[in-house]
Amino acid sequence: MSKAILYDATLCVGCKLCEQACAEKNQLAYDDRIAAEQVQSEHKFTVVLSKDDKFMRRLCMNCNEPACASVCPVGALEKTPLGPVAYDAYKCMGCRYCMAACPFGVPKYEWNNVLTPKVQKCTMCSDRVQAGKVTACTEACPTGATKFGEREELLEEAKKRIRENPTTYVNHVFGESEVGGTSVLLLSSVPFETFGYPTNLVRDPLPLYTYRVLSRIPDFVPLGGVLLGGIWWITHRREEVAEAEGKKKENGGVR
Amino acid sequence: MKIKFTFWKLIFLAIMAIGAYGTYVRFFHGLGPSTNLSDQFPWGIWIGFDVLCGVMLAAGGFTLTAAVHIFNIKKLEPIVRPTVLTAFMGYLLVSVALVFDLGRPYNIWHPLVMRNPHSVMFEVAMCVMLYTTVLSLEFSPIVLERFKMEKPLRIIRGVLVPLVIVGVLLSTLHQSSLGTMYLIMPNKLHPFWYSPLLPAFFFISAIAVGLAMTIFESSLSSKYFKKQLELPILQLLGRVLIVVMAVYMILRFEDLFHRDMLGQIVNPGAHAYERNLFLLEVGLLIAGFVMLCFKKIRMTPGGLYLSAVLVLLGFVTNRLNVSITGMEAQAGVRYLPKWTEIGVTAAFVAAGFAIFGLAAKYLPIFEEEHGHSALESASKQAAKPEAAIGHAAGD
Numbered sequence: 001m002s003k004a005i006l007y008d009a010t011l012c013v014g015c016k017l018c019e020q021a022c023a024e025k026n027q028l029a030y031d032d033r034i035a036a037e038q039v040q041s042e043h044k045f046t047v048v049l050s051k052d053d054k055f056m057r058r059l060c061m062n063c064n065e066p067a068c069a070s071v072c073p074v075g076a077l078e079k080t081p082l083g084p085v086a087y088d089a090y091k092c093m094g095c096r097y098c099m100a101a102c103p104f105g106v107p108k109y110e111w112n113n114v115l116t117p118k119v120q121k122c123t124m125c126s127d128r129v130q131a132g133k134v135t136a137c138t139e140a141c142p143t144g145a146t147k148f149g150e151r152e153e154l155l156e157e158a159k160k161r162i163r164e165n166p167t168t169y170v171n172h173v174f175g176e177s178e179v180g181g182t183s184v185l186l187l188s189s190v191p192f193e194t195f196g197y198p199t200n201l202v203r204d205p206l207p208l209y210t211y212r213v214l215s216r217i218p219d220f221v222p223l224g225g226v227l228l229g230g231i232w233w234i235t236h237r238r239e240e241v242a243e244a245e246g247k248k249k250e251n252g253g254v255r
Numbered sequence: 256m257k258i259k260f261t262f263w264k265l266i267f268l269a270i271m272a273i274g275a276y277g278t279y280v281r282f283f284h285g286l287g288p289s290t291n292l293s294d295q296f297p298w299g300i301w302i303g304f305d306v307l308c309g310v311m312l313a314a315g316g317f318t319l320t321a322a323v324h325i326f327n328i329k330k331l332e333p334i335v336r337p338t339v340l341t342a343f344m345g346y347l348l349v350s351v352a353l354v355f356d357l358g359r360p361y362n363i364w365h366p367l368v369m370r371n372p373h374s375v376m377f378e379v380a381m382c383v384m385l386y387t388t389v390l391s392l393e394f395s396p397i398v399l400e401r402f403k404m405e406k407p408l409r410i411i412r413g414v415l416v417p418l419v420i421v422g423v424l425l426s427t428l429h430q431s432s433l434g435t436m437y438l439i440m441p442n443k444l445h446p447f448w449y450s451p452l453l454p455a456f457f458f459i460s461a462i463a464v465g466l467a468m469t470i471f472e473s474s475l476s477s478k479y480f481k482k483q484l485e486l487p488i489l490q491l492l493g494r495v496l497i498v499v500m501a502v503y504m505i506l507r508f509e510d511l512f513h514r515d516m517l518g519q520i521v522n523p524g525a526h527a528y529e530r531n532l533f534l535l536e537v538g539l540l541i542a543g544f545v546m547l548c549f550k551k552i553r554m555t556p557g558g559l560y561l562s563a564v565l566v567l568l569g570f571v572t573n574r575l576n577v578s579i580t581g582m583e584a585q586a587g588v589r590y591l592p593k594w595t596e597i598g599v600t601a602a603f604v605a606a607g608f609a610i611f612g613l614a615a616k617y618l619p620i621f622e623e624e625h626g627h628s629a630l631e632s633a634s635k636q637a638a639k640p641e642a643a644i645g646h647a648a649g650d
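Heads up: the sequence lines are chains C and B, in that order. Sequential numbering of the first sequence, starting at 1, is according to our numbering. Sequential numbering of the second sequence, starting at 256, is according to our numbering.
None of these hints come from the bench; they were simulated from the model. Glycine residues also receive a C-beta, built at the ideal position from the N, C-alpha and C atoms. One or more hints might be untrue.
Covered by chain B, per the in silico footprint, the following chain C stretches (three or more residues, Cβ under 8 Å) [as the list claims (entries may be wrong)]: (1) 57–71; (2) 94–104; (3) 198–204; (4) 213–223; (5) 226–240.
Okay, the calculated beta carbon distance ranges per label pair [as the list claims (entries may be wrong)]: (6) C:Arg-203 <-> B:Gln-295: 37 to 47 Å; (7) B:Leu-506 <-> C:Thr-143: 47 to 57 Å; (8) B:Lys-403 <-> C:Asp-88: 33 to 43 Å; (9) B:Val-351 <-> C:Ala-35: 42 to 52 Å; (10) C:Arg-203 <-> B:Tyr-617: 58 to 68 Å.
Model the full structure from these sequences, guided by the hints.
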């Protein structure tokens, strides 16, 4: 079964312990200066945004059908059966199509790394989840704002929370159906665009948009080949006939 | 040896020097210091111009080989060689340009073994690689002739028609796929350019650019190599270009109409920036198209040349709009290339002109092909023995 993270912004107190745990887990530097940064970056995979007295986390949504993994020519990004979208830097050739394709703008790049730049993003603690543990951010969360579990169950719970407190929440579980659903589900008391979440997302999984075209290629190749070969045959045949007839006339129809 | 420094040679050397320094910054300080790219804007002109426009400008190769060897338009034969040279050089330059843009260029071979068939980029990579191989074979007779290597020459001529067919198929696939690449960004690319028809637009415009580029390059060659201009040939290309442009423009505006975008052209609201660059693109295309439609303009070398240049500029603007202008609003940043990016790109363009010039000087590019009739009959021989026998008997 597929795992997921449910983040309920109304329970968040903005302590940023998730940020710190994430940095430790991914062996990234973390200090007051970095804690104050309000953007995801190649050294900060998750960020707790704050606006007035509201909070919102940003992290990789770990889409059910991720655009990044679909576009990667070498399969360096991969949706694991458990839910996390993992990254293998060894395969990566640095084309950055994943960054261009991600609807949430999540993958970040080590622009100043000269020889071995990596794409950096939250991988939903792929290795920990594989080992049966919860993500580092979930473990660190003191209020239960970040919760880890089965996606189906968390989705039910999110809907239940909205049902029981319809005045508290925006009536929308972000991630339920955006780009075909994501492994990170969000609840909020203010509209999601307040914190920069895109609202113009399609409901279909994004890989479908390119696969609809790509899947035609195996049919196209023999068809196109025969068509071109046929055109060649016709255009040159006409010429041969003309030539042969010309010869006949020259020889007075003997030959 | 005495080297004469003409004005153009000095310009060329200056561009190459800037390009060389840009290359140094790129490979010794990394992508960050050498580009204005950012996490919000991961693709700049090294993708938008060097790759997208580079592949597009090299489309003459498949257009002209198809016209001559498949559609049997014999009249176009004399310009196939320079066009194939342009295409071959274009693809080689695109491949080198990719090395600049890739973060880990030493892994450029990975798509060969780590295949992801769901990735458009994977398909483009394979097609470009295979097509560059095809082009090298299509180009090889020129070199083989120069060194009088008869045997390999006969083999190449024997497989020429299947080779051309494979080349046209591969080109159709990757020219359109460069448009397909953007289909996965429906919420990122501005609706002036995002359309389900992107693959068709990229393919049709590649044909148009293939024709326009051939006119452009033949006109320049005739000027600089003091070669007789094959005006009737170029006029024929101009005529075909009118039809291709008409198909493209109609399809483009039908698409805008069906997606309710025509209103936004008149009344862009907050999207004036996108609208203006859209108008620049379409304006250039329409100007080139209208000029071609006037017979008086089309039939003069200068008029034909100018219309071809307008068409080329229009489609270059289109590719830059798709890859840069159209992505800025959603990214929330404005992207302008850094001097290093421009320097390296300019060096590629200059290298293109220089290589073409050298090849034209030392290889039989423009020579009336003495192998021409032999080539024709040899390719027939391979495919239809009985026809060849009749042919030989008739000689």
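Checked hints:
| no. | hint | in the structure |
| --- | --- | --- |
| 1 | 57–71 | holds (count 3) |
| 2 | 94–104 | holds (count 8) |
| 3 | 198–204 | holds (count 4) |
| 4 | 213–223 | holds (count 5) |
| 5 | 226–240 | holds (count 8) |
| 6 | C:Arg-203 <-> B:Gln-295: 37 to 47 Å | violated (25 Å) |
| 7 | B:Leu-506 <-> C:Thr-143: 47 to 57 Å | holds (56 Å) |
| 8 | B:Lys-403 <-> C:Asp-88: 33 to 43 Å | violated (51 Å) |
| 9 | B:Val-351 <-> C:Ala-35: 42 to 52 Å | holds (43 Å) |
| 10 | C:Arg-203 <-> B:Tyr-617: 58 to 68 Å | holds (59 Å) |
Hints 6, 8, counting from the list given before, are not met by this structure.
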